[in-house]
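Protein chains: 2
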Amino acid sequence: MKAEIIAVGTELLLGQIVNTNAQTLSVKLAELGIDVYFQSVVGDNPGRLREAIEIGRKRADLLVFTGGLGPTQDDLTKEVLAQYLNRSLIIHEPSMDKIKALFSERGTHMVESNRKQAIMLEASEPLHNNAGLAVGVGVVQDGTAYLLLPGPPRELKAMLASSADQWLRQQIGNVKPLYSRILKFAGIGESNLEDQLLDLIEQQQETTLAPYAKEGEVALRVSVKAESEAIAEQKINAAVIQIKERVGHHLYAEQDIPIEVTIHQLLRSSRRTLASAESCTGGLFAELITSVPGSSGEFKGGVVTYTNEMKHQLLGIPLSMLEGDGAAGAVSEQTARLMADNMRQIANTDFAVSFTGVAGPGTAEGKPVGLVYIALAQREKDTAVYELKLGGDREMIRLRAVKAAQYRLWQALTQ
Amino acid sequence: MKAEIIAVGTELLLGQIVNTNAQTLSVKLAELGIDVYFQSVVGDNPGRLREAIEIGRKRADLLVFTGGLGPTQDDLTKEVLAQYLNRSLIIHEPSMDKIKALFSERGTHMVESNRKQAIMLEASEPLHNNAGLAVGVGVVQDGTAYLLLPGPPRELKAMLASSADQWLRQQIGNVKPLYSRILKFAGIGESNLEDQLLDLIEQQQETTLAPYAKEGEVALRVSVKAESEAIAEQKINAAVIQIKERVGHHLYAEQDIPIEVTIHQLLRSSRRTLASAESCTGGLFAELITSVPGSSGEFKGGVVTYTNEMKHQLLGIPLSMLEGDGAAGAVSEQTARLMADNMRQIANTDFAVSFTGVAGPGTAEGKPVGLVYIALAQREKDTAVYELKLGGDREMIRLRAVKAAQYRLWQALTQ
Numbered sequence: 001m002k003a004e005i006i007a008v009g010t011e012l013l014l015g016q017i018v019n020t021n022a023q024t025l026s027v028k029l030a031e032l033g034i035d036v037y038f039q040s041v042v043g044d045n046p047g048r049l050r051e052a053i054e055i056g057r058k059r060a061d062l063l064v065f066t067g068g069l070g071p072t073q074d075d076l077t078k079e080v081l082a083q084y085l086n087r088s089l090i091i092h093e094p095s096m097d098k099i100k101a102l103f104s105e106r107g108t109h110m111v112e113s114n115r116k117q118a119i120m121l122e123a124s125e126p127l128h129n130n131a132g133l134a135v136g137v138g139v140v141q142d143g144t145a146y147l148l149l150p151g152p153p154r155e156l157k158a159m160l161a162s163s164a165d166q167w168l169r170q171q172i173g174n175v176k177p178l179y180s181r182i183l184k185f186a187g188i189g190e191s192n193l194e195d196q197l198l199d200l201i202e203q204q205q206e207t208t209l210a211p212y213a214k215e216g217e218v219a220l221r222v223s224v225k226a227e228s229e230a231i232a233e234q235k236i237n238a239a240v241i242q243i244k245e246r247v248g249h250h251l252y253a254e255q256d257i258p259i260e261v262t263i264h265q266l267l268r269s270s271r272r273t274l275a276s277a278e279s280c281t282g283g284l285f286a287e288l289i290t291s292v293p294g295s296s297g298e299f300k301g302g303v304v305t306y307t308n309e310m311k312h313q314l315l316g317i318p319l320s321m322l323e324g325d326g327a328a329g330a331v332s333e334q335t336a337r338l339m340a341d342n343m344r345q346i347a348n349t350d351f352a353v354s355f356t357g358v359a360g361p362g363t364a365e366g367k368p369v370g371l372v373y374i375a376l377a378q379r380e381k382d383t384a385v386y387e388l389k390l391g392g393d394r395e396m397i398r399l400r401a402v403k404a405a406q407y408r409l410w411q412a413l414t415q
Numbered sequence: 001m002k003a004e005i006i007a008v009g010t011e012l013l014l015g016q017i018v019n020t021n022a023q024t025l026s027v028k029l030a031e032l033g034i035d036v037y038f039q040s041v042v043g044d045n046p047g048r049l050r051e052a053i054e055i056g057r058k059r060a061d062l063l064v065f066t067g068g069l070g071p072t073q074d075d076l077t078k079e080v081l082a083q084y085l086n087r088s089l090i091i092h093e094p095s096m097d098k099i100k101a102l103f104s105e106r107g108t109h110m111v112e113s114n115r116k117q118a119i120m121l122e123a124s125e126p127l128h129n130n131a132g133l134a135v136g137v138g139v140v141q142d143g144t145a146y147l148l149l150p151g152p153p154r155e156l157k158a159m160l161a162s163s164a165d166q167w168l169r170q171q172i173g174n175v176k177p178l179y180s181r182i183l184k185f186a187g188i189g190e191s192n193l194e195d196q197l198l199d200l201i202e203q204q205q206e207t208t209l210a211p212y213a214k215e216g217e218v219a220l221r222v223s224v225k226a227e228s229e230a231i232a233e234q235k236i237n238a239a240v241i242q243i244k245e246r247v248g249h250h251l252y253a254e255q256d257i258p259i260e261v262t263i264h265q266l267l268r269s270s271r272r273t274l275a276s277a278e279s280c281t282g283g284l285f286a287e288l289i290t291s292v293p294g295s296s297g298e299f300k301g302g303v304v305t306y307t308n309e310m311k312h313q314l315l316g317i318p319l320s321m322l323e324g325d326g327a328a329g330a331v332s333e334q335t336a337r338l339m340a341d342n343m344r345q346i347a348n349t350d351f352a353v354s355f356t357g358v359a360g361p362g363t364a365e366g367k368p369v370g371l372v373y374i375a376l377a378q379r380e381k382d383t384a385v386y387e388l389k390l391g392g393d394r395e396m397i398r399l400r401a402v403k404a405a406q407y408r409l410w411q412a413l414t415q
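Same order as they appear, the protein sequences are chains U and H.
As numbered in the UniProt record's numbering, residues 1 to 415 make up the first sequence, in order.
As numbered in the UniProt record's numbering, residues 1 to 415 make up the second sequence, in order.
So that you can see chain U by itself, here it is in the shape it has in the complex:
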């Protein structure tokens, strides 16, 4: 099966946003064993969108659209395709009900244009969107399959994991699908991981290993084309055993989840609790751990002490440690240690992590950008402090510091 991805949106042609959706879709289609030969981008213009459909139809069996399903006037993917296929547009009632319910919940009046998000082509399959309002559409005509998905990346991803995935699998029929498993690693860089697995990556024929990095984490996709899921599982398991022998001590999950999810699960199953005391990371550690649903059971809370005054007031760090001649300073091994110790005692938790460092762009206390101390305090154990020298911009330094602390916490939880 040959596919073409058509992203719709003038903002892409003007360069206002990067076409990450094309990447998301390409990865997904590759996983399903569908070849992508072309990607196209076309603006919010009916004539040119129609032109793109005509061209795509000649060179592909499956056209996957992203964008143009929203409520505004320039959202017109469904309208143009309906006209092209000579089908009328109908209201998908469950989606309409959802939109109405949302507005009535908010107590605001539904703007007429929001109806647009509930339309679909007649005799097509509505695809549920659990992350937004616009319903997706799958339709097959004259041997070509058309899949219409929303433009907001969050909605696109949610649908590719659910309704759109099911629809795509129905279309492929009996192509040998590609099965894959994502392994997630902590405390190791992408090139280091690749180095340690290089011979496996090069020698593998049937099973392919592809490392990639995202959001401060490293993943390895293990893929195999197989007749059935059971056979695929067997082959993937064999590869995973080899991988674990080399880098098992960095492997925190055999699925694509961030490490905070694993940490949450480990805390929950061992009935242990956590708190955080952050300075340079500004709440990012807390934000990530609380992004996991149900984290309130294990994460009691934390502080963001951005000034010395607040470190003193909320955490009881002596000002003499933070300021003045001969003081260790806020960015120091001593302060990180005491922040973690005191936070753990204040919150009465099993673990507390702390962060203090220089995220940049400017230096602080004469200390260089990228110098970060993290500490991990544990009930009835010695507190460990780690000195990090991190590269990257402000955002990257903050993220890397948090990922380093999460790795140490995960280690402590699995010991």
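Source of the hints: derived by calculation from the structure; they are not laboratory data.
One should not assume that every hint holds.
Which copy is meant is left open, so a pair is good if it fits within one copy or across any two.
[Said to hold, decoys possible] Below, in silico cross-link-like pairs of lysine-lysine (BS3-like), each with a Cα-Cα straight-line distance of 30 Å or less: (1) Lys367 to Lys100; (2) Lys381 to Lys100; (3) Lys184 to Lys98; (4) Lys157 to Lys58; (5) Lys214 to Lys100; (6) Lys157 to Lys389; (7) Lys235 to Lys214; (8) Lys214 to Lys157; (9) Lys244 to Lys58; (10) Lys2 to Lys157; (11) Lys235 to Lys184; (12) Lys100 to Lys184; (13) Lys389 to Lys100; (14) Lys184 to Lys157; (15) Lys58 to Lys2; (16) Lys367 to Lys389; (17) Lys214 to Lys184.
With chain U's structure known, arrange chain H on it following the hints.
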């Protein structure tokens, strides 16, 4: 002049990399007043690349290629275009000399394949690449202009700032470039904004208005084609005056910055300080405000109190308000108010914001998902509490709650 961008590379079709080059090129072409109607991506395959050239030639006057100029076998953009245009390939001697010099400097032997990077089409213009080895090519035939640029983003950008820029300006002659300004709004949704500006959006000829939403914020792009930047400024200013009359009370910036940057600037210029007390948002408010470099001057810090115990301990909220028969509960107007008041006093700041609510997916205290109370405490002013009923998933509810509080804080800072 109409242009099409053609990115060449199988790695794009497999989703291994994001097509940031298309964005870079789109921005550049818009600046030069060249309309981009299509972007395409094609793999390292001669037949399909030729197909893409044929289609592009029919719908554009300028085809800009990126990728496929390198030394390896699958780099074939020059080869395919030369064949398509019936031109032979020749060696560009200065580029060849540069490649030879580099290898002799390194003391290594030049691999034969490196010669490929010095080739160009006969009777074409070589475009100097000061960031890499592959020479660019500009060529015009039968009324179509072809520009061949390298794939590595660093090399592409360097050439767009020098040799390719000059070549493009020669092609356009005296076309008017497009100028645009981004307006950013808070406290108003995309469809509501469009509704209020609908007649302006529809009636405008020369100046175009395009609303779009991203990351919980709403932006409006105001664009105009003009002979000079000064004339463009004038026309954009005229449009902005009309926009301000309608929705000026939501307009927080006339450039593409998140509202936390504006808040940071307003706090700094008025020498006022801020703290935060978060529950359901888990540190997201603090994380966003501290993502702004230099925010330590205004943001003193905050707490993330995820349990009642922590709300009591760190913020002094009476347990009788949080738990038990007849208590208001953690998710209540009263708790939000006291969290903000107490946080402001503890941190001794001019402002404090607080958040308490149900981010989901489960309900809490029998209260529905999406119910969030935010409070804004100000020195010597009454504390304001807002009840929000937010839609979306956990992540979206948290983001929307933070954006709502940022909007209220911005309002207070501009009063």
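Hint-by-hint comparison with the structure:
no.	hint	in the structure
1	Lys367 to Lys100	between (56 Å within a copy, 21 Å between copies)
2	Lys381 to Lys100	neither (55 Å within a copy, 38 Å between copies)
3	Lys184 to Lys98	between (36 Å within a copy, 29 Å between copies)
4	Lys157 to Lys58	within (27 Å within a copy, 34 Å between copies)
5	Lys214 to Lys100	between (37 Å within a copy, 23 Å between copies)
6	Lys157 to Lys389	between (34 Å within a copy, 25 Å between copies)
7	Lys235 to Lys214	within (26 Å within a copy, 42 Å between copies)
8	Lys214 to Lys157	both (15 Å within a copy, 16 Å between copies)
9	Lys244 to Lys58	neither (42 Å within a copy, 48 Å between copies)
10	Lys2 to Lys157	within (21 Å within a copy, 33 Å between copies)
11	Lys235 to Lys184	within (18 Å within a copy, 52 Å between copies)
12	Lys100 to Lys184	between (41 Å within a copy, 28 Å between copies)
13	Lys389 to Lys100	between (52 Å within a copy, 14 Å between copies)
14	Lys184 to Lys157	both (19 Å within a copy, 26 Å between copies)
15	Lys58 to Lys2	both (11 Å within a copy, 24 Å between copies)
16	Lys367 to Lys389	within (11 Å within a copy, 45 Å between copies)
17	Lys214 to Lys184	both (10 Å within a copy, 29 Å between copies)
The structure is inconsistent with the numbered hints 2, 9, although it conforms to all the rest.
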